[in-house]
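Chains as they are written, first to last, in this note's numbering: chain A, 1 to 225; chain B, 1001 to 1225; chain C, 2001 to 2119; chain D, 3001 to 3119.
Derived by calculation from the structure, the hints in this document are not laboratory data. What you are looking at is a predicted structure, and each value in this text was computed from that prediction instead of being measured. Keep in mind that the hints are not guaranteed to be accurate.
Sample of chain A residues lacking proximity to chain D, with all beta carbon distances greater than 10 Å (derived) [stated by the list, open to error]:
no.: 1; residue: Leu-57
no.: 2; residue: Leu-65
no.: 3; residue: Val-97
no.: 4; residue: Leu-123
no.: 5; residue: Ala-126
no.: 6; residue: Val-137
no.: 7; residue: Ala-146
no.: 8; residue: Trp-168
The calculated label-pair distances, taken between Cβ atoms and stated as ranges, are [said to hold, decoys possible]:
no.: 9; chain 1: A; residue 1: His-31; chain 2: B; residue 2: Leu-1216; range: 27 to 35 Å
no.: 10; chain 1: B; residue 1: Val-1093; chain 2: A; residue 2: Pro-76; range: 49 to 57 Å
no.: 11; chain 1: A; residue 1: Val-100; chain 2: B; residue 2: Ile-1212; range: 30 to 38 Å
no.: 12; chain 1: B; residue 1: Pro-1141; chain 2: A; residue 2: Val-100; range: 39 to 47 Å
no.: 13; chain 1: C; residue 1: Thr-2083; chain 2: D; residue 2: Thr-3083; range: 47 to 55 Å
no.: 14; chain 1: D; residue 1: Thr-3080; chain 2: A; residue 2: Pro-109; range: 18 to 26 Å
no.: 15; chain 1: A; residue 1: Gly-85; chain 2: C; residue 2: Pro-2044; range: 55 to 63 Å
no.: 16; chain 1: C; residue 1: Thr-2083; chain 2: A; residue 2: Pro-109; range: 30 to 38 Å
no.: 17; chain 1: C; residue 1: Thr-2075; chain 2: A; residue 2: Leu-145; range: 53 to 61 Å
no.: 18; chain 1: D; residue 1: Val-3082; chain 2: A; residue 2: Thr-96; range: 18 to 26 Å
Just so it is clear, CB atoms sit at the ideal spot from N, CA and C, and this is done for glycine as well.
These are the residues of each chain, in order.
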Amino acid sequence: MLVHGDIAGIADPEPDRDQANSPQASLELIHSWRREAARRLFGTPELALAGWGVAWLLGFGACCLASSSTPRAAFPAWVAYLILGVASAAAGVISTVETVHPGRGIIGPSRRVALWYGWSWGLVYAALFFLILGLAVQGLPPALLARLWPGLAVLVGGVLYVAGGALWQDRLLYLLGAWTVMVGAASTFAGTPGNFAVLSLAGGGGLIAVAILLVLRRLPGRSGA
Amino acid sequence: MLVHGDIAGIADPEPDRDQANSPQASLELIHSWRREAARRLFGTPELALAGWGVAWLLGFGACCLASSSTPRAAFPAWVAYLILGVASAAAGVISTVETVHPGRGIIGPSRRVALWYGWSWGLVYAALFFLILGLAVQGLPPALLARLWPGLAVLVGGVLYVAGGALWQDRLLYLLGAWTVMVGAASTFAGTPGNFAVLSLAGGGGLIAVAILLVLRRLPGRSGA
Amino acid sequence: MSPDPAPDALRDLPSLDPVIHAQPRLRVVVALAALGEEDQVSFPRLQQLVGMTAGNLSTHLRKLEAAGYVRVEKTYQHRTPVTYISLVRTGRRAFEDYTAALQALLADAPHLTTRERVP
Amino acid sequence: MSPDPAPDALRDLPSLDPVIHAQPRLRVVVALAALGEEDQVSFPRLQQLVGMTAGNLSTHLRKLEAAGYVRVEKTYQHRTPVTYISLVRTGRRAFEDYTAALQALLADAPHLTTRERVP
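Please put together the full structure from these sequences, using the hints given.
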């Protein structure tokens, strides 16, 4: 039933039928193809990480400067919120594209895992928004809310990174999640506007550092392809 | 190199060497063994779910009754916190045992996933505790804290259930997580002591319902074994 | 279908692997296959999973190891000797083939018992 | 080691599977193996992953399908015909054996090229 003879035979038209390579070269070829296929199939997380890192760095940084008690606060609070909002929206678009794009044309279990994990981000942040809205509706004053929501948003993002690290057995992502969770928690001890500074530098900075590490980690792989 | 002849030959002493069964009976035997092995290897999540369900039902229920504005509040707040604390500690012990016990004597990737996921619970709740402590240290009054921490604790538990559902592709766990996240968020709209009632009934109740569903789902499997 | 299609029609079916066909070894292989692909299990834990005496399990593991189906690794943990067992690729494939053969038998001749089919 | 151990010593090595040994087909199999075990990929996406023309990819897929290595499933999505391709168990095993054979060749005779080894 197998047609090995026919396939290996002279009827085959393409000239590159055999690899004129040593076993080692063949194995290296397979390895580099596999790495490239994995990169195309599973996307490049460093883009989404860097996007959120920049969003936190700029957004929380602006919030810190705007709510600073010095009289020289360069811009009003709404400008800071606008910066945070626009940067977060951009990061959200990058993350979504990074989840949806590599998966096009793929169906099956591994795709399902990625989608379920991706949806959980939307679900969790929507719920967090409503939790804070509920507190505001119940009369929590804005000054107190500003001590609460930034740390919470960062902590919850860290929880999802930790879960993603466990899911894909990625030690770096797991450690990033643990760091982010702790930064979110620690920020509340600083009060406003100190919490914004902590979240901007330690939170956003952590994400950017890991994104850079991922790029560096990939570089030797590229030279081998 | 293979010793099939020797192994299948008459030197084999045990009398049950062949299964005197139809192919169907053999397949059913394999299926039931596999199910039993999986149950022993991966534990019984319904115990941990039921433990946390009861802890939330009793604990938040007690908090609701204790902080009720009617003069007939049956017990002071510290009794309610004690009930919640003791019940949570018991649920934590059950969860830990349920994570550690099935994995004894196993090493390898699937064990690592379970351990990393298990640690994330401890890490995340410790961080949440510090986040709330930070707010308290910064002067958030206890009356406002009581609107905040219960919903947050439930929301974060839901996030980890959602992540676990994505991780093990368990639709029921994922839906439970989504429900729990939303219950945690919705509770803040109720203020105190309404939030405790919502978390007790919808939060704890949801966990208990899923635990019962898991037990029911397993029953036909047991009769087949 | 003719009334007696078995003798010739079934000759092409894959025969059942005698290493796995012995019920206690099948049970060991099922337990090992329930683990993840690179997972290993300690001897006493495997014993508990399959409910066998240590001597019995040892005998069957030796046969599975001789067939190249399992790897038995002796190591030390805190100076205590521990034996870890895992199903290797050959064993996993043999188990897959065994269940596939059973399913093929079931599809072709559900009225025959396994004992009748296997010489 | 003797100065010329190859001719006899290598005879026992597994020979390289000719279905996979053709470089474009190897590339297709590597891409399919990078997917999860029950994942499927659409024809245009696979084309993009391996960088081949549609005609070329079709030819190689037909050969892989004839060898029983891949499953090609034609289905409809919103009334548009879509073709999904997946590596089946036989193909996954063949790929595992192919890389294992390469590793064995490498370990035994790193100085020989693949072309010299394969008749």
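To see whether the hints hold, each was checked on the structure:
1. No Cβ of chain D approaches the Cβ of A/Leu-57 within 10 Å, the least distance being about 34 Å, so the stated non-interface status holds.
2. Every beta carbon of chain D lies more than 10 Å from that of A/Leu-65, the smallest distance being close to 45 Å; the non-interface claim holds.
3. Distance check for A/Val-97 against chain D: the nearest CB is about 16 Å away, which clears 10 Å, and the non-interface claim stands.
4. Against the 10 Å criterion, A/Leu-123 stays outside the reach of chain D, whose nearest CB is about 24 Å from its own CB.
5. A cut-off of 10 Å between C-beta atoms confirms that A/Ala-126 is not in contact with chain D; the least separation is 28 Å.
6. With a minimum CB-CB distance of about 42 Å to chain D, A/Val-137 clears the 10 Å threshold, and the non-interface call stands.
7. Against the 10 Å criterion, A/Ala-146 stays outside the reach of chain D, whose nearest CB is about 44 Å from its own CB.
8. In this structure A/Trp-168 is separated from chain D by more than 10 Å, as the shortest Cβ-Cβ distance comes to about 12 Å.
9. For the pair A/His-31 and B/Leu-1216, the supplied restraint of 27 to 35 Å is violated, since their beta-carbon distance comes to about 48 Å.
10. Taken as a hint, the range 49 to 57 Å holds for the pair B/Val-1093 and A/Pro-76, whose Cβ atoms sit roughly 51 Å apart.
11. Between A/Val-100 and B/Ile-1212, the C-beta spacing of about 37 Å keeps the proposed range 30 to 38 Å intact.
12. Checked against the hint of 39 to 47 Å, the pair B/Pro-1141 and A/Val-100 passes, with Cβ atoms roughly 45 Å apart.
13. At about 49 Å, the CB distance of C/Thr-2083 to D/Thr-3083 agrees with the hint of 47 to 55 Å.
14. The given range of 18 to 26 Å is respected by D/Thr-3080 and A/Pro-109, whose C-beta atoms sit roughly 24 Å from each other.
15. The hint said 55 to 63 Å for the Cβ distance between A/Gly-85 and C/Pro-2044, and at roughly 58 Å that hint holds.
16. For C/Thr-2083 and A/Pro-109, the hinted distance range of 30 to 38 Å is satisfied, since their beta carbons lie about 33 Å from each other.
17. In this structure, C/Thr-2075 and A/Leu-145 meet the distance hint of 53 to 61 Å, their C-beta atoms being roughly 56 Å apart.
18. Taking the beta carbon of each, D/Val-3082 and A/Thr-96 are about 23 Å apart, inside 18 to 26 Å as hinted.
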